[in-house]
Amino acid sequence: MFENHQKSEIDALLKTNTEFRSLYQRHQELDSKLRDADLGVLPMDDTTLHSLKKEKLRAKDRLVLMWERRNAAH
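Numbering-wise (my numbering), the sequence shown opens with residue 1 and increments by one.
It is worth saying that the hints were derived from the structure and are not from the lab.
Hints are supplied without guarantee of correctness; some may be wrong.
[What the hints assert, rightly or not] Straight-line C-alpha distance at most 30 Å; calculated DSSO-like pairs for lysine-lysine:
| id | residue 1 | residue 2 |
| --- | --- | --- |
| 1 | K7 | K60 |
| 2 | K54 | K33 |
| 3 | K33 | K56 |
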């Protein structure tokens, strides 16, 4: 996520916005868990897997919205 944006801009937002930082870290955590589940390293039932995927998507949507609002203000 945010691969096409300047790393310095993302880092600045992570340092200055606690909500963005917390949500970004949660998204990274979910991404890691889902990757491990796909690899079979982290056994997970389908209901939990589906729930984590939905949570990750909601986090991403919120992060993108926060990013867009920040850029619109500048």
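So, going through the hints one by one against the coordinates:
no., hint, verdict
1, K7 / K60, "17 Å, holds"
2, K54 / K33, "13 Å, holds"
3, K33 / K56, "10 Å, holds"
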